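Q: Below are the chains, spelled out letter by letter.
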Amino acid sequence: DTAVSQTPKYLVTQMGNDKSIKCEQNLGHDTMYWYKQDSKKFLKIMFSYNNKELIINETVPNRFSPKSPDKAHLNLHINSLELGDSAVYFCASSQDRKQETQYFGPGTRLLVL
Amino acid sequence: LAKTTQPISMDSYEGQEVNITCSHNNIATNDYITWYQQFPSQGPRFIIQGYKTKVTNEVASLFIPADRKSSTLSLPRVSLSDTAVYYCLVAEGSGGYQKVTFGTGTKLQVIP
Numbered sequence: 003d004t005a006v007s008q009t010p011k012y013l014v015t016q017m018g019n020d021k022s023i024k025c026e027q028n029l030g031h032d033t034m035y036w037y038k039q040d041s042k043k044f045l046k047i048m049f050s051y052n053n054k055e056l057i058i059n060e061t062v063p064n065r066f067s068p069k070s071p072d073k074a075h076l077n078l079h080i081n082s083l084e085l086g087d088s089a090v091y092f093c094a095s096s097q098d099r100k101q102e103t104q105y106f107g108p109g110t111r112l113l114v115l
Numbered sequence: 456l457a458k459t460t461q462p463i464s465m466d467s468y469e470g471q472e473v474n475i476t477c478s479h480n481n482i483a484t485n486d487y488i489t490w491y492q493q494f495p496s497q498g499p500r501f502i503i504q505g506y507k508t509k510v511t512n513e514v515a516s517l518f519i520p521a522d523r524k525s526s527t528l529s530l531p532r533v534s535l536s537d538t539a540v541y542y543c544l545v546a547e548g549s550g551g552y553q554k555v556t557f558g559t560g561t562k563l564q565v566i567p
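Chain order of the listed sequences is X and L.
Quick note on our numbering: the first sequence kicks off at 3 and runs consecutively.
Quick note on our numbering: the second sequence kicks off at 456 and runs consecutively.
Among these hints, one or two may not hold up.
[To be verified] Among chain X residues calculated to face chain L with C-beta under 7 Å, some are:
| no. | residue |
| --- | --- |
| 1 | PHE44 |
| 2 | LEU45 |
| 3 | PHE92 |
| 4 | THR103 |
| 5 | PHE106 |
| 6 | GLY107 |
| 7 | PRO108 |
| 8 | GLY109 |
To be clear, the hints were calculated from the coordinates, so they are not data collected in a lab.
Fair warning: this is a prediction, and the values are worked out from it, not measured in the lab.
Built from N, CA and C at the ideal position, the CB exists for glycine as well.
Could you build the full structure based on these sequences and the hints that come with them?
A: Structure below.
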């Protein structure tokens with residue numbers, strides 16, 4: 003009965019490849035997010051969707067493309083992976099777009115070689 | 456720009472009370488203050504939230520002065536399992552939408 007789940011948990015890939023990370027929440031929340039946590043542990047928001055509508059799009063390379071097929075799912079596709087993309091990617095959800103209380107997934111550890 | 460400022464790290468002995476202070480000088484009238492806890496290899500977890508004065512739950516207390524330009528998370532009688540990074544956040548409104556900014560957090564190390 004995991005609230006926010008992500009797959010895969012670990013992802014090791016070569017530079018230049020394209021990969022996707024999937025996120026699902028079973029909390030009935032309207033809003034979902036993607037965060038990137040780099041090696042220095044700084045947690046940065048990347049995207050946010052509210053009821054399948056993109057509401058936050060931070061300064062992220064356009065190689066990153068979120069997709070929300072329904073409000074319970076928010077996937078992240080990354081094209082042409084670079085070494086600097088190595089990080090932990092967290093998905094989160096909140097009841098609504100006010101965002102004060104977010105529920106995070108376990109993270110996807112991406113290593114680009 | 457970071458919305459909050461916290462100490463980078465703190466050490467405490469088991470059984471002591473720990474207070475972590477966060478500065479948020481530009482907090483807006485409608486902003487709430489929220490604290491999260493992150494253990495290694497896990498996602499952040501909500502601890503407590505407040506608007507003003509004092510809030511207490513089973514995990515922690517949150518003290519917010521009248522000017523709301525700072526807040527203090529208080530963890531009573533910490534144990535080794537409280538070793539984690541603690542993030543202070545304030546909501547940030549922009550064009551009708553709000554985004555939360557996580558700062559660098561405070562790494563708390565509890566010592567036996």
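Q: Now tell me, hint by hint, if it's right for this structure.
A: Here is what the structure says about each hint:
1. PHE44: holds, 6 Å
2. LEU45: Where the cut-off is 7 Å and the nearest Cβ of chain L is about 4 Å from X:LEU45, the hint holds.
3. PHE92: Check passed: Cβ of X:PHE92 comes within 5 Å of chain L, closer than 7 Å.
4. THR103: Nearest chain L Cβ about 5 Å off; hint holds.
5. PHE106: holds, 3 Å
6. GLY107: With a closest approach of 6 Å, the X:GLY107 hint holds.
7. PRO108: holds, 6 Å
8. GLY109: holds, 6 Å
The structure is consistent with each of the numbered hints, conforming to all of them.
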